[in-house]
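Chemist: Listed below, chain by chain, are the residues.
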Amino acid sequence: MADLETFRAETRAWLEANCPPEMREPIRDDDDVCWGGRGVKFKNEAQKLWLERMGAKGWTVPEWPSAYGGGGLSREEAKVLSEEMRRIKARSALSSFGIWMLGPALLKYGNEAQKLEHLPKIARGEIRWCQGYSEPGAGSDLASLRTSAEDKGDHYLVNGSKVWTSYADKADWIFCLVRTDPAAPKHLGISFLLFDMASEGVSTSPIKLISGSSPFCQTFFDNVKVPKENLMGVPGKGWDIAKYLLTHERDMIGGSDSTGGGQRDSVSNIAKRLIGLDAAILADTALRTDIARHEINALAFGLTMERVLAETKSGQGTGALSSMLKYYGTELNKERMELLMSIRGSDGLVWEGEEKGEGDLARSWLRSRANSIEGGTSEVQLNIIAKRVLDLPGA
Amino acid sequence: MADLETFRAETRAWLEANCPPEMREPIRDDDDVCWGGRGVKFKNEAQKLWLERMGAKGWTVPEWPSAYGGGGLSREEAKVLSEEMRRIKARSALSSFGIWMLGPALLKYGNEAQKLEHLPKIARGEIRWCQGYSEPGAGSDLASLRTSAEDKGDHYLVNGSKVWTSYADKADWIFCLVRTDPAAPKHLGISFLLFDMASEGVSTSPIKLISGSSPFCQTFFDNVKVPKENLMGVPGKGWDIAKYLLTHERDMIGGSDSTGGGQRDSVSNIAKRLIGLDAAILADTALRTDIARHEINALAFGLTMERVLAETKSGQGTGALSSMLKYYGTELNKERMELLMSIRGSDGLVWEGEEKGEGDLARSWLRSRANSIEGGTSEVQLNIIAKRVLDLPGA
Amino acid sequence: MPLILTDDQQMIRDSAEGFFKDEAPVSQHRSLRDSKDAAGFSRDVWAKMAEMGFAGVLVPEAHGGADMGHVAAGIILEAMGKNLSAAPMLSTAVLGATALKQGTAEQQAKYLPLIAQGAHLLALAADEAARHKPNHVATTAAPSGNGFKLNGVKGFVLDGAAADTLIVAARTGGDVGDTAGITLFLVNPKSDGVSVDRRSMVDSRGAARVTLADVQVDGADVLGGVGEGFAILEKMLDAGRACLAAEMLGVSGTSFTMTVDYIKQREQFGQKIGSFQALQHRAAHLFCEVELARSATLKALQALDECSDRTPMYVSLAKAKAGEVAILASNEGVQMHGGIGMTDEYDIGFFMKRARAAQETFGDAAFHSDRIARTLGY
Amino acid sequence: MPLILTDDQQMIRDSAEGFFKDEAPVSQHRSLRDSKDAAGFSRDVWAKMAEMGFAGVLVPEAHGGADMGHVAAGIILEAMGKNLSAAPMLSTAVLGATALKQGTAEQQAKYLPLIAQGAHLLALAADEAARHKPNHVATTAAPSGNGFKLNGVKGFVLDGAAADTLIVAARTGGDVGDTAGITLFLVNPKSDGVSVDRRSMVDSRGAARVTLADVQVDGADVLGGVGEGFAILEKMLDAGRACLAAEMLGVSGTSFTMTVDYIKQREQFGQKIGSFQALQHRAAHLFCEVELARSATLKALQALDECSDRTPMYVSLAKAKAGEVAILASNEGVQMHGGIGMTDEYDIGFFMKRARAAQETFGDAAFHSDRIARTLGY
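If you read the protein sequences in the order shown, they are chains A, W, Z and G.
The first sequence lines up with residues 0 to 394 when you count with numbering that gives the first Met the number 0.
The second sequence lines up with residues 0 to 394 when you count with numbering that gives the first Met the number 0.
The third sequence lines up with residues 0 to 377 when you count with numbering that gives the first Met the number 0.
The fourth sequence lines up with residues 0 to 377 when you count with numbering that gives the first Met the number 0.
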C-alpha cells in the first residue's frame, strides 16, 4: 500500500507537469475527442502534446504490458491513475476502437508478431482501426456473413462488403470477419483478418441515418490481397473472437454509451424547468406519472449496474448479465428520449435552426431508436437470456 | 313492415299478460337465473310459470324452427321480441348451454332424429347440457384429447376424463369430444358424442379455484356405454364441430360475459367515490393516469365491438376478429379488476366477512385472471391473429 | 348512426386512396424534404385536391364546397397519412373552413369559396407554449383606431409560411390561462409588423414562427365575438384533432403493413423472422391496437358530423388513442426492420417522424387523457 | 457500502432459506389457511425464529437482540416470501422493534428483550383509510386523568388479533391530514373499550379491525413525544416497507422459478411451451425486472442501516419496484401455468394473493411513485 501511495504521488506530479491546461476542460465538441491515426488532425497543439506524452508512457493503455507499448500497470495502479486524472479533470488522451476492442482480442488471441506489430501503434494512436462485422442482409444473424477470403497460397483474396462500419472512412486498418471455408457449417469457416484500409480494392461509402449523417459506412472489398500472416487466431475459429468482442461491445452500449451516467440532467429536472409545477407537483399529471415510472426504473437500473459490478468484483457474479444490461439499458434510453420529446412539445420537433443545439433533441431521439438494434437487438438479448440464463429449451 | 307492427302489438300484449311481475325484477342472486333440467329447483312459482309459458311458445329459442320446439320467428321478429322484453325488463326465461352452444351445432351438424329428439327438450328447459371439451393436461392443445370411444358394434365404450366441465354435476346430458380413431392424425379421429350423464360409469368432482368454489368440475368416464346413434355429424370430423363451437364461446367470453356492458359502474366513478377529488381531479395522480389510460382503451374497445357488429351486419366484415375481441376484452377486464383492487386498497383484500358483498371484489379479481386462459388463452388468440389475419408464416 | 362507413364514404375512401397513392406518394414527401421546399407541399397536388372536392370537403355547397362532412375529411386525411402526403388540408380545409363557417356573412362569402377552390391558404396562429395549451394566450390585442393592435409570438404555426391569411388568437381581456377574453383575428401576413419565419421540422412539414409587432388590424377582421374566440378555437381544434387522429391512423396503417410485409420475407437464422412467435405476438397485438384506434377515430368524426354533446370527449379519445398507436406502430416498425429501418434510404423512418410530430400537434396523449378525465369528472 | 451482501449476510441468507424451507414451507401456509387459524401463523415456528435470532434481528445486543441490521431483516423476509411463511416478523420484529427503540429507557427495557425472545407480539394500528395515507389519522386522544382517552377505528391492523400490545396512532392536536399532532400510544388490547375483530383476508394472513371506544391510557404509555409521533411512525413504516419489498422479492423469486420450471417441462402442440419464443421473451424480461427489484431492495435496506438522508426515497423506490414486479411475476406465473394455475390445488395462486396484499400494505406503487416524485421535487 505504501508503494501505491508513492505511485499516486508520482502520478499526480507527472500529470500536473504534463497535462496541458486545455486538456483539463470538459469536452464540448466532437473534435475535442482525439481518435489518432495516420490522418489525424489535432484540434490544437495541446491535444497533440497530450497524446504524445501519454502515448510515450503507455498510459493510453495503462494495463497493457510495456513490451507492447502499454503502461505495464497493475489493476490497482491503473485505478490510481484514473482517479488522479479524474481529480484534475484530465481528458482521455485517445479514443480508439483499437484500445477498446481489437487490443483485448489481440492480447488474448494474437501471436507474438501481431502483438508487437499492432499494439504499440494502437497505444501511441498511430493507427486508427475500424471493425468489419455486419454485412448487408445479415442483421442479427451475424454468423451468416458472406465476405470471402480465398486462400491463394501466400495471401487471401477478400471479396464482399461490410455495413455499419463506424468511421471506416477515417480508419487506417480494419479487423474483419471473413469466411475462409465456404464448405464448413455456418459458425465454423469464419476467420478473423486484419488488413490495411489503404489496400487496393477497398472502398467506403457513408450511411445516412434517419437522424442525419452518421459515422457509419458501408465498406466494399474487391479482390483485396491480404498477407496470410494477417490472420489472427486459428483459421476457422474467428467466431470465438467475434463472440468475445461482442460481449465487450454489448457492455459498452448497454452500460455506458447510450444510457449515460449521473452527469446527465434527469428527465424530471428537465420537465420541472420546462413545464413547471402546480401546487408543488408537475403541472401535467399524466406526464408526471410516466416520468416517475421511468425514473423508478432508471434508478433501479443504475443500482443494478452498481450491484452487478460489485458482484463481479467479489466473484459472486451470477454471470451472463451483459445481455440484461444491454437490453434494459437501451430500452430505458429510448423511453427517456420519448419522454423528453413529450416534454419539449413542438420545440422538440425542430430539425435545423440558427441557434446552436436546435435539432439536437430530435436527432438524439431518432438516434436512440438504434440502441436496441445495434450491438445485438433487444430480441437477440432476450433470446440469449432465455437460453443461457434461464436455460429454456430451443424451439 | 305492417306485419311487424302487428307482431309487435301482439307480442306486447302477450308479454303483458304472461310475464309474471317477479320476472320483471332485476337479477340479484344466482338462483334468480333458471337453468332448467331434470333436477330443476324453481326459486318460486313465477319462475316456473314463466319458463313453461315461454317454452310452450318456443320463445326461449325464438329463431329455431317450430318443428324443433322453437318460435319459428324471423330475425326481425326476434328483434322485436327482444325489444319488447327489454321494454318491460323481462328476465330471460332460461339460461342454457343447450341454447347457446349445442343448439346451433345440432341445427348445423345434427341429423333429423337428433334434432327432433334434443332440440325441443332444450327449448322447454327439460334437459340441461354440459360441454366436455378440455382434458387434464391438454390445455390450449385441445386436439390432443385422449378420451376414447371404442366402437363395440352397437355402441361406443367411452373411457377417459374431462376437465373444466361447467356445471357437470348439475347437467343431464353432455356433448363431448372423444377420440374414435386412435390411429388417425391428431385432428382427425375425433368425434362429437352426446350422452346421458346418468349413464353408468359417469362421475363428477367439483374443482375449487383460487377464487373459491366454482361451477367447474372434473368428469370421469369409466366404461360408459353410448349408443352409436348418439354420434353427431361425421365420425372423425368432430373437430370441425368443435372449432365452430369454440368461435361461439370466444365471442361470449371476450364480448360480453367477462367485460360486461354499460350497466357496470365505470372504474373512474368508483375511484371518485372511494378516493375523492382534490382541486377537481382525482386525489391520486398516478392512479388517475392509469385509470384514464384504461378507460381510453375500454371506450375504444367498446366502440370496436360496436363497429365490428355494424360491419358484420352490413357484410363489410374484415372477418376473423373474434380472436381480437377475446384477447383484448379479457386483458382489459383483468386490468379493470387490478385497478379496482388498487382503488379499494386494504378493503379490497377482504376474503370473507359478515356483510353481504364482502370478499366479492377479491374473488372477482382472482376469477378474472382466468379470462385470458379459458376459451383459448391470450397466447392462442395472438397466434390465431398472426396466422389467420396477418398471414404470418409458421415457425 | 352505425359505426361504419356509408356507401358514399366508401367511395370517397377508394378515390382518396387512389389519388394520394398516385399523386402524392412517399417518394414525393422525400423529394420535398430533399429540396427543402419552402411551403413543404406541392401546389400542383393541392390544386388537384381542390378539383377533387377535397379542399372544400367542409365548405357548404352554397359557397361552392363539396360539404361532405367530417367523416369524409378524416377519410381523406387517413389516405394522406398512409402516403405521407403533404398538403394544407388540415390548416386550410379543416381548421380554416371550420373557423370561417363561424364568421360573418361577408367573411364567409369572401373566404369559403376561395378555400373550396384551393385558391387561398389559411393557418392557425394560436399555440404559444411548446406543449399545447389553447388557453395559454399571452399575445395581446389592444384597442387602436377602429380596430386593434396585436403583439406577441406564435411559436408553432402549421403551414404558416405558405398562408395567405393567419387566424390569430389574441387576448382582448382576462389573464393568460383564461378562456374568456380570447379573440380571433384574420391577419394578412404581409401586413406591417408581421414576420413569418419558416422552421425546419423533423417531419419536413411546413411550420413557422410568427411574430406580431404592433400589427394593426381592422374591426372587420375579428372572427366571431370580441373576447369570445375560445369557443370557435375549440371547434377548430376538435375538428383538427379528429382529422389528425385519422392521419395518424393512416400512418399506423402503412407502418404496420410495411412491417408485416417485411417480416414475411426477411430471413434470419435460416427462417423468416415473421415466423418467430415473439414478433408474431407483437404484430398481432399491434393489429388489435390499430383496430381500436380506427373505431375511436370514426366515432369522433361521426360525433363532429352529428354535433354531438360528447364531441370533445370522443375527439380526445381518438387523438389520444390514435396518437399512442401511431407511435407504437412506427416504433415497432423501425425495430422490426432492424438496421435498415434506421437508414434514411428506407421509408419507415419518415412514418416515425410524422407520427411524433402529429402526436405533439394540438395536444398529445397526456393532454387528451387529462381532458377525458376532466370530462368524466375526475 | 458496496451494493452486495457481506459474507455474514450471505450466511444469514443461507440459514434463513434453509430454515423457512424446512420449518414453514408453502404447505404450512396452506394448512393455516384451511384451518382458518386465528393468528394466521404458527407460534411454534415463531418460537424457533426467536431462537435463530430472527425475532431480535433489529433489537440491540444490550437488550438481548441479535442486532443484525436491516439488510439481515430483509434477507429473512425474502426467505419468508419465497416460502410464503407467515410469522409476526414484520409487525413485531421490524415495526415493533423500530418503534420501541425510540421509546424511553423503561419502555425499551420492558419490551425489547421480550421481542427478541419472541415472547411478546406487537401490532401497528395506524391506517384508517383503505388506501394507505399515514397522516390520515382521525382517531382522537383527548386528555383524561393522568393520560388520554382514545376513540376511533383502525381498519387494517396486521397481526392485530394476535398482538399483546397495539401501537396506536391517535391525534392529540391538528387536523386530519396534518403530520403534526399525531401521538403514538402503547395499548393493551385487553383494556376496556378495545375490540379487536379478526378479518379474513385474501392472503389468509392475520389482520384485524381495531375499535377504540373511550380507551383510557396512561401518560407512561406514550411512545415518543406528544404530538411528535409521525416521525417515529415514518421510521417504522420505512423499515416495514423495505422489508415488505424484500418479502415481495421472495414472492417474485418463487413465482418466477416455479413458472420457468413449469414451462420447461410442460408440453403443448408437441413441444415444450418454454421453447415458444413469445414466452421466452416474457420470461427473459421478467428475469430483468426481478434483478432490478433486487437491486432497489438491497439499496433501501442498506440505506436504513446507514441512516442515509435518502432513505425515504430509496425505500419508496424499493417498495414501488418490488411491488410492481411481484404483481407481474405472479400474474405471469398464473397465465403461463394456464388452467391449473387457476386451481386452488396448485400453489402459484397463493403467491398472487400475497403479492397483491403486500402491494396494498403501507402504500402501493402509486403511493410510492408519488412520494418519489415529491422527494425529487416534482
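Source of the hints: derived by calculation from the structure; they are not laboratory data.
Every value quoted in this text rests on a predicted model; they were computed, and no experiment measured them.
Accuracy of the hints is not assured; some may be wrong.
As the list claims (entries may be wrong) - What follows is a set of in silico ranges between Cβ atoms, one per label pair, in the way DEER data are often shown:
hint: 1; chain 1: Z; residue 1: 178; chain 2: A; residue 2: 279; range: 54 to 62 Å
hint: 2; chain 1: Z; residue 1: 6; chain 2: W; residue 2: 149; range: 38 to 46 Å
hint: 3; chain 1: Z; residue 1: 199; chain 2: A; residue 2: 315; range: 47 to 55 Å
hint: 4; chain 1: Z; residue 1: 178; chain 2: A; residue 2: 268; range: 44 to 52 Å
hint: 5; chain 1: A; residue 1: 107; chain 2: G; residue 2: 14; range: 35 to 43 Å
hint: 6; chain 1: Z; residue 1: 24; chain 2: W; residue 2: 2; range: 33 to 41 Å
hint: 7; chain 1: G; residue 1: 33; chain 2: W; residue 2: 23; range: 52 to 60 Å
hint: 8; chain 1: A; residue 1: 279; chain 2: Z; residue 2: 199; range: 55 to 63 Å
All C-beta atoms, glycine included, are put in the ideal place defined by N, C-alpha and C.
Chemist: Run every hint past the structure and note whether it holds.
Modeler: Structure-based check of each hint:
1. Taking the beta carbon of each, residue 178(Z) and residue 279(A) are about 25 Å apart, not inside 54 to 62 Å as hinted.
2. Remark: the range hint 38 to 46 Å for residue 6(Z) to residue 149(W) is contradicted by a beta-carbon distance near 57 Å.
3. For the hinted restraint 47 to 55 Å between residue 199(Z) and residue 315(A), the CB-CB distance of approximately 52 Å keeps it satisfied.
4. About 31 Å separates the C-beta atoms of residue 178(Z) and residue 268(A), a value inconsistent with the hinted range of 44 to 52 Å.
5. Checked against the hint of 35 to 43 Å, the pair residue 107(A) and residue 14(G) passes, with Cβ atoms roughly 41 Å apart.
6. Range check, residue 24(Z) to residue 2(W): about 54 Å between beta-carbon atoms, so the 33 to 41 Å window is missed.
7. The hint said 52 to 60 Å for the Cβ distance between residue 33(G) and residue 23(W), and at roughly 43 Å that hint is violated.
8. As the Cβ distance of residue 279(A) to residue 199(Z) is approximately 38 Å, the hint placing it in 55 to 63 Å is violated.
Hint violations for this structure: numbers 1, 2, 4, 6, 7, 8, all remaining hints satisfied.
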